[in-house]
Amino acid sequence: MNEALTLAQLRELFLENPDLEATRWLALSISVLLIGVVLWLVRKRSLREEYTPIWVAVSAGLVFVSLRLDLLRELTRAIGAWTPSSTVFFLGELFLVAICLNYAVRLSRAGTQIKNLAQELAIVRARVDALAARRTEAREIVART
Amino acid sequence: MAPHDAEQGPARRGVLVIPAYNEAPRLAVLLAAIAAQALPLEVAVVDDGSRDGTSEVAARAGATVLRHSFNLGYGAGLQTGYKYALQTGASWVVQMDADGQHDPRDVKRLLEPIRQGECDLVIGSRFLEPTGYAMDPLRQLGRRFFIALARAFGFRVTDPTSGFQALGRRVLELYAGDAFPSDYPDVDVLLTAHRHGLVVREISVEMHAGARPSTLHGGMKSVWYLYKMMLSLWAASSRVPKA
Numbered sequence: 092m093n094e095a096l097t098l099a100q101l102r103e104l105f106l107e108n109p110d111l112e113a114t115r116w117l118a119l120s121i122s123v124l125l126i127g128v129v130l131w132l133v134r135k136r137s138l139r140e141e142y143t144p145i146w147v148a149v150s151a152g153l154v155f156v157s158l159r160l161d162l163l164r165e166l167t168r169a170i171g172a173w174t175p176s177s178t179v180f181f182l183g184e185l186f187l188v189a190i191c192l193n194y195a196v197r198l199s200r201a202g203t204q205i206k207n208l209a210q211e212l213a214i215v216r217a218r219v220d221a222l223a224a225r226r227t228e229a230r231e232i233v234a235r236t
Numbered sequence: 176m177a178p179h180d181a182e183q184g185p186a187r188r189g190v191l192v193i194p195a196y197n198e199a200p201r202l203a204v205l206l207a208a209i210a211a212q213a214l215p216l217e218v219a220v221v222d223d224g225s226r227d228g229t230s231e232v233a234a235r236a237g238a239t240v241l242r243h244s245f246n247l248g249y250g251a252g253l254q255t256g257y258k259y260a261l262q263t264g265a266s267w268v269v270q271m272d273a274d275g276q277h278d279p280r281d282v283k284r285l286l287e288p289i290r291q292g293e294c295d296l297v298i299g300s301r302f303l304e305p306t307g308y309a310m311d312p313l314r315q316l317g318r319r320f321f322i323a324l325a326r327a328f329g330f331r332v333t334d335p336t337s338g339f340q341a342l343g344r345r346v347l348e349l350y351a352g353d354a355f356p357s358d359y360p361d362v363d364v365l366l367t368a369h370r371h372g373l374v375v376r377e378i379s380v381e382m383h384a385g386a387r388p389s390t391l392h393g394g395m396k397s398v399w400y401l402y403k404m405m406l407s408l409w410a411a412s413s414r415v416p417k418a
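Chains as they are written, first to last, in my numbering: chain B, 92 to 236; chain A, 176 to 418.
So that you can see chain A by itself, here it is in the shape it has in the complex (with noise of 0.2 Å):
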C-alpha cells in the first residue's frame, strides 16, 4: 500500500514527541541541543509524572509540556505525543528518548521520507550499517531473538527496540488506539503497522548508549518483557491478517 503522507501544503507541521520521566538533567543539553537545530518542528515534551522538575526544564527551554499526573509508562508517554500530535493538526511525528542516546541532527534526515511520502514510518537503526554501537551479548541475543521472531511473522527489521522513529499521520492514528501498549511499544507495535499495510523503511543513524535501563538488561524484568513481547507479537498478528 502506498504511504499518504506526500507534502501537500505549507501547512504541514509536525512535533518533536520526547517522553521523560526524571531527566532533568539530561533533558535540558537535550532540549539546548535540539534548538541548535533550528528543526521544524514543535517540541513536545511528554513529563511522565516527574519528581525531579523535568516539566520545569522543558518548559523553560520552551517546548510544549504535556504532565502525566501519574506515571504511565514509557508507551503511554510516547501515545500522548502521538494524541496531542493528532489533535493539533500534525502531519507527522519524530520521537526521540530524552536521556541523550539520539542525536538530534539526525531528525531531519529520520523526517525526510515522511514528508517526502515514501514511507509511513523511519525507524533509526543502530544496525543497518556498521555505526560502532556497541550492545552486550545479552541484549544483542534478545535483539536477534525478535528479529528471527518479526521475520517469521513476516517482517523484516534490524532494529526493532530503537525508539528513534518518524511516523507519519497514518501510523498516528493507528498508534493512538487501545492496541498501542503502556509499558514497552517495540517490534509488536512495528509489525501492527506492517500488518496494517504501512510502509515501514529503516535509515541508519548513531546511538551513544542510553541511560535509560535496557529492558533486556538481565533479571526478571528481561524475562516479563520476553514473555510480554512474545505475547502481544502473537496478538498483533492474529488481530491482523497480512496486509
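Chain B extracted, bound-state conformation (with noise of 0.2 Å):
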C-alpha cells in the first residue's frame, strides 16, 4: 500500500467518524444561548437593531449546521479539510476577518463623523462668541448715547 492512498483512507476516517450527539447539542445550546444574548443586548440598549442581523444569521447558521452535520461533512470533503471541526473553525476565521475588517469600516466613517462634528462645533462656537461681542458693544453704545 503507497503513502498516498493510506492518507486518503485516513482522511475517510476522520470524516466518515460517526456524529456525536453531545457535539450537535453543544452546537445547537451555543446557538441558542448567542440568540438569548443579542436579544438582551438589544433589550437593554446595549446593541443596536441595525447590528444585529450579523449575529442572527451566525445563530442560525449554528443551528442548522447542528441539525445537517451532514451537510457540514460534505463541504469539509468538498473544501479539502479533514475535519469537520477544522472547517468549522475555518469559517469561524473568515468570519471574525470579514467582521473586523467591517468594523474597521464603520470606525472609519464615525472618526470622519466625529471630527466633522467638532469642527462645526468650535466654528459655531467662535461665530456666537462674536456674536455676543458685538451685541455687548452695541448695548454699550446704546447706554453711552
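If you're looking for bench data, these hints aren't it; they were derived computationally from the structure.
A portion of the hints provided could be inaccurate.
Pulled from the structure, derived: some chain B residues nowhere near chain A, Cβ distances all over 10 Å [stated by the list, open to error]:
id, residue
1, 106
2, 117
3, 120
4, 140
5, 151
6, 154
7, 158
8, 163
9, 171
10, 184
11, 191
12, 195
13, 203
14, 210
DSS-like cross-link-like pairs, simulated, lysine-lysine; straight-line CA separation at most 25 Å [to be verified]:
id, chain 1, residue 1, chain 2, residue 2
15, A, 283, A, 258
16, A, 396, B, 206
17, A, 283, B, 206
18, A, 403, B, 206
Just so we're clear, the structure is a prediction, and the values are computed from it rather than from any experiment.
Backbone N, C-alpha and C fix where the C-beta goes; we use that ideal spot for every residue, glycine too.
Now that you have both chains on their own, put them together as the hints suggest.
Next comes the structure, spelled out in C-alpha cells:
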C-alpha cells in the first residue's frame, strides 16, 4: 500500500467518524445562547438593532449546521479539509476577518463624522462668541448715548 | 487649468489660519509679530484641544479662536480653519505654524500670487533657493524620497512638508472634503490639488527651526509617516486621474 492511499483512507476515516450527539447538543446550545445574548443586549439598549442581523445569521447558521452535520461533512470533503471541526474553525476565522474589516470601515466613518462635528462645533462657537461680543458692544454704545 | 482667484473687488477677504496645540508661550510671540505686520487678514487660531491656555492667549491678542473640544490632529486643525474661511465667505487663506518657524513678514509675498489670480496654491519653500535652512540627514533623506515619489506621480515640488502656504478658494473647497487627512497633510494633498488641475507654485521663504517635533525625525512615528504617506499618495493618484 503506498503512502498517498493511506493518507486518503485516513482522511475518509476522519470524515466518516459518526456524529456525536453531545457535539450536536453543544452547538445547538451555543446557538440558542448567542440568540438569547443578542436579544438581551438589544433589550437593554447595549446593541442597536441594525447590528443584530449578522449575529442572528451566525446563530441561525449554527443551528442549521447542528441539525445537518452531514452537510458540514460534505463541505469538509469539498474544501479538502480533514475534519468537520477544522471546517468550522476555518469558517469562524473567515467570519472574524470579515467582521473586523466591517467594524474598521464603520470606525473610520464614525471617526470622520466625529471630526466633522467637532470642527463644526468649534466654528459655531467662534461665531456665537463674535455675535455676543458685537451685542455687548452695541449695548455699550446705546448706554453711552 | 487657469486659477480662479483673480481679484474681483474690495469685498474679498482672507483668513490667516494658525493651528495650535499647547503653544501658548510661542503663540503669544507670534501673534505680536503678526499684529506688527498689520496684515489685511483675519487671524484665526485653531486650538486643537490644548490644555495650556492657548485659546486664552489667542483671544487676548484679538484673534478669532476656533477651539476643538478634544485633540483632532494637525490636519484637522488646518481643515477647521479652511471650513471657517469658506463659511465666512473668505476668498483665500494663509496657513502658518504656531511654533514660530514661519516669518509673518513673508505672508504678503505668499498671498500675492493668489490675490493676483496667478495660481491657486502657493507653498513657502525652504529649498527653492539656498536659505541656509539646516535639516538633519534623516529628514533630508525623507524629503528627497517624497520629492522623487511626487515626481513619479507627475508633480514637481521642492518642499513637500512645508506648512507655510497660501490657498485660494478652489483649494479650500477641495481640502474641506472628507478625504483631507486629520494627521499629516503633506505631499499627498498637494498631489491631490495638482491632480485636480489647480495651479501650484512655490516661492522661497526663510524658516527657523520649528519647535514641533518633525514627523521625519526617526522612531516608529517616522515609519508610520512613511507608510501612511505612500498609501495616501497612491490613493490620491488613483482617485483623481491626472488633469
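Results for each hint:
For residue 106 (chain B), the condition that its CB be more than 10 Å from all CB atoms of chain A holds, with the nearest at approximately 44 Å. At roughly 44 Å, the least C-beta separation between residue 117 (chain B) and chain A is larger than 10 Å, which holds for a residue marked as non-interface. The non-interface label for residue 120 (chain B) is consistent with chain A: the shortest C-beta to C-beta separation is roughly 44 Å, beyond 10 Å. Residue-level check passed: residue 140 (chain B) sits 27 Å from the nearest beta carbon of chain A, beyond 10 Å.
At roughly 36 Å from the closest C-beta of chain A, the C-beta of residue 151 (chain B) stays outside 10 Å, upholding its exclusion from the interface. Once the 10 Å rule is applied to beta carbons, residue 154 (chain B) is consistent with being away from chain A; the minimum gap is 41 Å. Every C-beta of chain A lies more than 10 Å from that of residue 158 (chain B), the closest at about 46 Å, which supports listing it as non-interface. In this structure residue 163 (chain B) is separated from chain A by more than 10 Å, as the shortest Cβ-Cβ distance comes to about 40 Å.
A cut-off of 10 Å between C-beta atoms confirms that residue 171 (chain B) is not in contact with chain A; the least separation is 35 Å. Interface exclusion of residue 184 (chain B) from chain A stands, the closest Cβ pair being 26 Å apart, more than 10 Å. For residue 191 (chain B), the shortest C-beta to C-beta distance to chain A comes to about 19 Å, beyond the 10 Å cut-off, and the non-interface label holds. With 10 Å as the threshold on Cβ separation, the claim that residue 195 (chain B) sits away from chain A holds: the shortest Cβ distance comes to roughly 14 Å.
Interface exclusion of residue 203 (chain B) from chain A breaks down, the closest Cβ pair being 5 Å apart, not more than 10 Å. At roughly 4 Å from the closest C-beta of chain A, the C-beta of residue 210 (chain B) falls inside 10 Å, breaking its exclusion from the interface. The straight-line distance between the Cα atoms of residue 283 (chain A) and residue 258 (chain A) is roughly 22 Å, inside the 25 Å bound, and the hint therefore holds. For a cut-off of 25 Å, the pair hint linking residue 396 (chain A) to residue 206 (chain B) stands: about 22 Å separates their Cα positions.
The hinted pair formed by residue 283 (chain A) and residue 206 (chain B) fails the criterion: a straight-line CA distance of about 31 Å is larger than 25 Å. A threshold of 25 Å between alpha carbons decides the hint, and for residue 403 (chain A) with residue 206 (chain B) the separation of about 19 Å falls inside it, so the pair holds.
Checked against the numbered hints listed earlier, the structure breaks hints 13, 14, 17; every other hint is satisfied.
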